[in-house]
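Working from the sequences, and respecting the hints, build out all of it.
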Amino acid sequence: MNFVDLDRVALRYGEDEDGTLALHGTTLSVQAGEFVAVVGPSGCGKSTLMKVVTGLWPPTAGTVVVSGREVSGPLSIVGMAFQNPTLLPWRTTLANVMLPLEIVQPHCGRLRRERAAYEAKARDLLALVGLQGFEDRFPWQLSGGMQQRASLCRALIHDPSLLMLDEPFASLDMFTREELWLALQDLWLARHPTVILVTHDLREAAFLADRVLVMSGRPGRIIAERQVALPRPRILDVTYEPYSVALVHDLRAQISAARTSTPGREFAT
Amino acid sequence: MQRKTQRRVLPWLVIVLLFVLWELVVRAFDIEPFVLPAPSAIFASGWQWRWPILDNSWQTFMTTAVGFFFAVVFGLIAGIAIGSSTLVYDGFYPALIGFNTIPKVAVIPILVIWFGIGTVPAIITAFLLSFFPILVNVATGIATVEPELRDVLRALGASRWQVIQKVGLPRSMPYFFASLKVAITVAFVGSIVAETVASNKGIGNLMLVASSRFEVPLAFAGLLVTSVMGIGMYLVAEIVERRMTGWATRGTDAAIAPQG
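The listed protein sequences derive, respectively, from chains A and B.
The first sequence stops at residue 269 when you use this note's numbering, and every number in between is there.
The second sequence stops at residue 1260 when you use this note's numbering, and every number in between is there.
Just to be clear, a hint being listed does not mean it is correct.
[What the hints assert, rightly or not] Below, a list of computed lysine to any residue pairs in the SDA-like style, where the Cα atoms sit at most 25 Å apart:
1) 1201/B to 143/A
2) 1166/B to 137/A
3) 1104/B to 1234/B
4) 1104/B to 1149/B
5) 1104/B to 1004/B
6) 1201/B to 1120/B
7) 1166/B to 135/A
8) 1166/B to 143/A
9) 1166/B to 116/A
10) 1004/B to 1243/B
11) 1201/B to 161/A
12) 1166/B to 118/A
13) 1104/B to 1230/B
14) 1104/B to 1057/B
15) 1104/B to 1243/B
16) 1166/B to 123/A
17) 121/A to 92/A
18) 121/A to 1149/B
19) 121/A to 133/A
20) 1166/B to 120/A
21) 121/A to 140/A
22) 1201/B to 1166/B
23) 121/A to 200/A
24) 1201/B to 1243/B
25) 121/A to 161/A
26) 1166/B to 106/A
27) 1166/B to 56/A
28) 1004/B to 1228/B
29) 1166/B to 144/A
30) 1104/B to 1058/B
31) 1166/B to 115/A
32) 1166/B to 111/A
33) 1166/B to 159/A
34) 1201/B to 1066/B
35) 1166/B to 57/A
36) 1166/B to 246/A
37) 1166/B to 138/A
38) 1201/B to 1070/B
39) 1104/B to 1197/B
40) 1166/B to 185/A
Source of the hints: derived by calculation from the structure; they are not laboratory data.
Following this line, the structure appears as structure tokens:
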């Protein structure tokens, strides 16, 4: 059974017919524990896809099913990380990472009693991404890459079964990005959540994912799918090997074709 | 002299110089004491009448503090209500602005009719003048939470109140504390105006009585005391602000400019 299922989903922003049609006829499915990357031209609806899957925006048409249940609102089994780390500046890094525990049941109820255990868990996560020693610093005392690492930890602290990443590394320089790929791979191998990663970076998609989905231009739907048959754990050098290069080349061609198709085509619903 | 010491000492130097200049001008032009008293006369008068001055200053301080306290409580609660609900915002904001543009001096006689002369109109005037800046700043702080910050919590399934409690309120604290500086000085003004217009106690009243008896040095002494108190209150508000919201200014010396 699929963990995430989208069936002919459409989403139009705004209340009337002139709103932007961001998604149309989007159908995709993701297995439990799978790492899927979604790539596509700019403005194709990748971020909208994220919002639909996590229940932040209801679809205008079609069904979204996560873990066997239709999505009607935000889900507590989801962890999200955005392009902007958005750490709360008045909390220390540790307090930021533990924020989901104050909201999501059942952790919310247990937090007071088992605080020490949860704190240890948060520290372990931070250590896994290389932030040990920075738990008591405030976000402005961390670099962009470090903040993004903390944001990843925050997305995972409540043991979500679904991890949604919306271009989380887009604002970082290449070396930091590659470091974070490795950190994310470590986190995923340790806990194996289902991951949907939206990204512009094809190398990133090829390095991290099991499967890469290509979206068309707006209104977005899935037009191609490629498996990534590389063994794990992967090292950065695989991205320069012929297999990966061919894969990236292929994806690039798909996206170029998608970009040149007429933009803003409206479909009658 | 070191730069830091220079910066500390300079304001005091300026004040002392101003007083010296003032004294010299009065003496040089032989200005009558009931027109513009010299600082020496003011200090002498202040010392002679120190007990009434202290007594009345305390009265003013109390009415300011009480009015300000209620303004903080009301400003916070109303600010949260208005900032977190578009419905409440649309409904109440125009009325509030209309209310705020009424000069409160005009309201004092009505307060006297309702509550009689004395402490109550002073407290109420202080309250009426100072709750609005607080309310506006809290409401703005809550209403302008960045969508990304809110999405982080919404994605976890947080309720509206949880978002306000964990993001909205902490985020509006810098604005709130900054507004306290404005609010407390305005409350102080409100108290004094009310006392001057309709009271039998307080530093405003003291200045009025002194003027009417042509004891102008005493009136000026009252003015000086007023200004010292005002500065003191502002400083307290600023220290509290710096302590509570150091994170907002990231450890620099910049202070947040309050709105309204």
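ask   = Which of the listed hints are broken here?
value = 1, 4, 5, 11, 15, 22, 23, 24, 36 and 40
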